[in-house]
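Same order as they appear, the protein sequences are chains C, X and Y.
Counting from 1, one number per residue, gives the positions in the first sequence under our numbering.
Counting from 479, one number per residue, gives the positions in the second sequence under our numbering.
Counting from 962, one number per residue, gives the positions in the third sequence under our numbering.
Keep in mind the hints are simulated off the structure, nothing from the lab.
Keep in mind the model is a prediction, meaning the values are calculated, not measured.
C-beta atoms are modelled at their ideal positions from N, C-alpha and C, and glycine is treated no differently.
There's no promise every hint is true.
[Stated by the list, open to error] BS3-like, lysine-lysine: derived pairs with alpha carbons at most 30 Å apart:
1. Y:Lys1183 <-> X:Lys887
2. Y:Lys1212 <-> C:Lys290
3. X:Lys768 <-> C:Lys477
4. X:Lys582 <-> X:Lys512
5. X:Lys919 <-> Y:Lys1184
6. Y:Lys1002 <-> Y:Lys1184
7. X:Lys946 <-> Y:Lys1212
8. Y:Lys1212 <-> C:Lys219
9. X:Lys946 <-> C:Lys290
[What the hints assert, rightly or not] Beyond 10 Å from chain X on every Cβ pair, some chain Y residues (computed):
10. Phe1050
11. Pro1051
12. Thr1055
13. Ser1077
14. Gly1158
15. Thr1210
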Amino acid sequence: MKKTALSGLTALTALFLSIVASAQIGSPYIHDPSTVVECDGKYYTFGTGSGGLISEDGWNWHSGGVRPGGGVAPDAIKIGDRYLVVYSTGNGSGLRYSSHVYAMWNKTLDPESPDFEYSEPMDLGGSNGYEDCDGIDPGLMMGPDGRLWLVYGTYFGYLRIRELDPKTAQPISEPVDVALSCEAGEMTYNDGWYYLLATHGTCCSGVNSTYEIIVGRSKSPTGPYVDNVGRDMIHGGGKLVLASEPRRIGAGHFGRFIVGKGIEKMSFHFEGDLDRSGRSVLAIRPLMWKDGWPVAGEPFENGEYSLVSERRGYALELAVNNVPMAGGMRGFNRNGDDNVVALEDQKLEDVIGTWPEGEISLRIGPELFRPHQAWEITEVPELGGFIGGAYCKITIAGTGRALAATAGKEIVTVPEFTGAPEQLWRIDRLTDGTYRIMPKSVPGTDEELVLVSVADSTPSLGVFNPDSDNSKWNLLKH
Amino acid sequence: MKRIVFICILLLTGVSLHAQTGAPYIHDPSSIVKSDGKYFTFGTGGGGLISEDGWSWHSGAVRPGGGAAPDAIKIGDRYLIIYGTTGGGMGGGHASKIMTMWNKTLDPDSPDFAYSEPVMVCESLVDEDFNAIDPGVLLDPTTGRLWLTCGTYFGHIRQVELDPKTGFRVEGNEAIDVGRNMEASTMMYRDGWYYLLGTHGTCCDGVNSTYNIVVGRSRNVNGPFIDNVGRSMIQGGGKSVVTTEGRLVGPGHFGRYIEEEGVEKMSFHWEADMDQSGRSVLAIRPLLWKDGWPVAGEAFREGTYEIQSVRSGYALELEVDFIRAQGAMRGLGRGNEPQPNVVLEEQKLEDVAGTWPEGVIGARNGYYMGRPWQRWSVIPVPEAGGYLGGPYYKIVIAGTDRALAANDKAEVETVPAFTGAPEQLWRIDQLTDGTYRIMPKSIPGHDEPYALVSLGDCSPTLAPFDFKSDNSKWDFRCYSPVK
Amino acid sequence: MKRSFRILLLLALMAVTAVQVQAQKKNSKIDVAEALKGYFKPVTTPSATPDAEGFIRRWMILEPISKPNPTNRVFTDSYTRENLSVEYFPDQLTVLPKDGDKVKVTMEYQPPVNLSSNRPAARPQQDQPKFVKATLTWHALDSDHFFVKLFRFATGLDKDRYGVIFWTVTVINCEEDIENVRLAVGSNKAARWWVNGEEVLLLAGDRHMGVDSAVSDRVTLKKGKNILRGVTMNGPGMSEFCARFIDDTGKPVTGYTITCN
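With the hints as extra help, turn the sequences into a complete structure.
Printed below as a string of structure tokens:
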């Protein structure tokens, strides 16, 4: 989709309607994407074949990544100030299951950089064509202790793990079988556990692919990796992370991207995106952790929400008079048998006349599902995005009144949304399932500030603290 | 996840199924207690509600003494009822007394039904920062000691100790202040933590009530009870448990009901149900636990879902052929070769239903692909009765009448049409970890209370429920409807 | 240079293959033992027991019947049932063979295995399938693993390995009735399973082998002999299964012996 010059709100709205915002935009066409890596302020992922995708903001992706060597299903990791890229290809024997993993270093992933130069590929070993292993689909992990691990393999036998020297990427241990009948292995470490992610199911069958991401965990990097019902992955076990959604089919090739403490993303492909001709596309979703297991967050969905503070459970609202509704207390009578009637909800037109016309400040009040607490949150993909999402406008439902950051590091609502960066909001699902809400920019400061509860009743902007409920919000869909 | 957010289109049909049915009108309900196979809750004023099944409620419970906001607990084979003699200054000032009395049964029709003489266990004077109403009790499962908290917005929440044998105040017991500026306090214990619950906000203002339930926790039964941002309840702290939800306004008067390990409910009132004239009604919701905090589950919503086995992540589906949809692999092309984007249609029921057999079709679990044989409409059948907190449901393939049913081999299958038979009715309980238990109302020829269980990844069956195993657990995933 | 290496390797391979074919022609116990090393051993004891996790490792396995399935996408329920209901040899649902028993089958021809491909060689669409007669042998084997690696059975004996059907049978001997047990199978790929002649599982789809992937309804293992029979069909890639009996709580059932007939 081409970028279009914008002229005002009407254009914005019209454009939005024609764009599917819950997938990445641009040309995110890729199969078997490597873990997303940041380099010189841009994001990169490599795929099967050659080349890969680049994104300036993590939201709008286009081709342009350069990776020689061909082969399949690369992975990439930053180690120190260098990037290690691994991929796999046949070792020349001509045997179907004889594949080796190759590794190469680069100082940058940016093909425009003068430093861009891959080292000669190193053979990290693989399969000889006769054994129960097919040495493709490599995945890399740097453990918390600085040890580097490689996993590889497919449905033809075992996934294997071996240790590499993080300075040279040369193998320094013999491979260990860790899982049976998986593909797209990837390891990660979280809070005392090593995780092995992989896929089950069929790839490469478009919208009929049954690819799905599964996981097991272990206290040791070499396993055993055990699933939620106690099965070892070497016995075919695996707990589901993500399969298909009705219009996005076949999740595979997990990669983890840590934005910061408490904010993580998972990258993968969907084998078939029904909104994009059934093509294979890059996907980036919130990654959450529940009871020590990775859980895929759903994409943000436009709609009417309450913005509820995790601190107190109260809702962000306009600081206007709370207009009472008709219908007072009906006594303590438990036995009345008068006709039961449905009362009408308070409507915007019942109260909007009592609101001032200019800026209105904000507070946090007991949730009552009233018009001054009802927020329409709408992605504005044409105004850019961040890793895995588009910026949103946050307006009082039924109006153009928009939430905005102010030069005083506070928040306010302005009567109409103009598209100014302080009216655009980045919404990230956190690893605990709550949300961080962050303006694209705050006038007069470069500080990265987020929406916080400084008191039960008082919202403001402050520094994000993943350990404080003051920094966290829930989106309660109406 | 603090709230389980259903991204879902509701298909509610006239009757509001968010609240209990019958005439569940009550204010300040006590904890729900089971006696003689029935459920009881007492409210402000006198009397209370009875339910045979936990879902349909009607008045009829009997509690003398009037006053406000009672609590009830079963201790041994007797019931202890606790109430405050006046309410919230309405009696003129804040002098009040907490009274306790025993009964061998709560069923007014039982020959054993007789309350003992009430005794006073706690008192507030006209002039102190304390108002002795809204009692709540906890029998500490680790020590067997009985604790009572009471108080309102007028000053402190106080904790006293009662003798669980007599219901009297323990001799020499000194009251402890454990909270401030709340009402409807009660305590609970779980997994090494003591919890103090109460309400903040305004009661008794119908649809404009801002009542909401809050909690703090402590490792010590006497507090201090600390909230999620480190404030003590005595400093006015409190983490939110449940607030107003759309047309249900002002939750208050928490009570916990443990059915079995992993299956818990919370009872409370909504100050106003806008679908029931804005009256105050009894509510029963799943009680969930997350990171050591109580979380209110949502009332199950009618809708069309993927029913996902927690064991394998596979989706409950008909045992029918996988019919391929249009849209094959588009090459490994990452290229940006210009090609017009095409929006593909999802496979529809009519594309595949003709290939299905007409009679009984088995059920299994398979990779979720969003296909018609994996889409289940879960629809309440209110006339078929219910269980604590919910009605029975039929579970049918969306767009058809093909219904999930238990059979006489204690296995699960689908029948071509829903008949209302008990083996086609399903009880759905949200578990304390947020997942669900799905149980048939009955299994032909079997008395065992079996639940839907995945013993194999692909094989749903009916077998004993085990909260410790993901085999027994299911998720309902609700996606945006087909456009 | 690379090309010449490739040719050398191919020649070496052909030599290996020739040796394997010769070995197979003799079909003596020793040769089978060598050919299946690391996966199976010929049965040498009168009876076996399930392993500690309840897996059944002793099986009679028939050399594979060719049934070219060029992809794993074909394994719908109907296709599986249809193709695994064909009578390939007499009494295939009742026979209790002995080691070395021979079976005459008519099966679809496929060219010899091409090691550079994981697929059965596809015949041109317009051509009619060509059928050939073959004599296949039953082997009494103990698996070295909890699973039965059918692919390595075929590979070791130098048989077709992709697009094939494996018949397997074993006998469960119980001292008393064992009620309410379930057959739990992990299967790569499509399969049908019978207990005492009753079909208890039909496994369709592009599936991987996972322990307890699918379980049957409750069955009773009766006092005395019980016949457990499975037929597994693959396309490209591996083929293997694992099987055990479990109870209503998912725990393995043991306490029986396993014999070949």
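Does C:Lys290 sit within 30 Å of Y:Lys1212, going by the straight-line distance between their CA atoms?
Given that 30 Å is the threshold and the Cα spacing comes to 27 Å, the pair holds.
Would you say Y:Thr1055 is clear of chain X, with no C-beta pair closer than or equal to 10 Å?
With a cut-off of 10 Å, Y:Thr1055 remains clear of chain X, as the shortest Cβ separation is near 25 Å.
Holds or violated: X:Lys582 to X:Lys512, with C-alpha atoms at most 30 Å apart:
Distance of about 12 Å is within 30 Å: holds.
Given the hint that X:Lys946 pairs with C:Lys290, does the C-alpha gap stay at or below 30 Å?
16 Å, holds
With d taken as the least Cβ-Cβ distance between Y:Phe1050 and chain X, does d exceed 10 Å?
27 Å, holds
Does the claim that Y:Pro1051 lies off the interface hold, with its Cβ farther than 10 Å from every Cβ of chain X?
30 Å, holds
Is it true that the CA of X:Lys768 sits at most 30 Å from the CA of C:Lys477?
20 Å, holds
30 Å limit on alpha-carbon distance, applied to hinted pair X:Lys946 and Y:Lys1212
Status holds; Cα separation ~14 Å.
Does the structure keep Y:Lys1183 and X:Lys887 at a Cα separation of 30 Å or less?
18 Å, holds
Interface-negative label, Y:Gly1158 against chain X, beta-carbon threshold 10 Å:
18 Å, holds
Check the non-interface label on Y:Thr1210: least C-beta distance to chain X beyond 10 Å or not.
7 Å, violated
X:Lys919 and Y:Lys1184 were given as a pair; does the straight-line alpha-carbon distance stay at or below 30 Å?
35 Å, violated
Comparing the model with each numbered hint stated earlier shows that hints 5, 15 do not hold.
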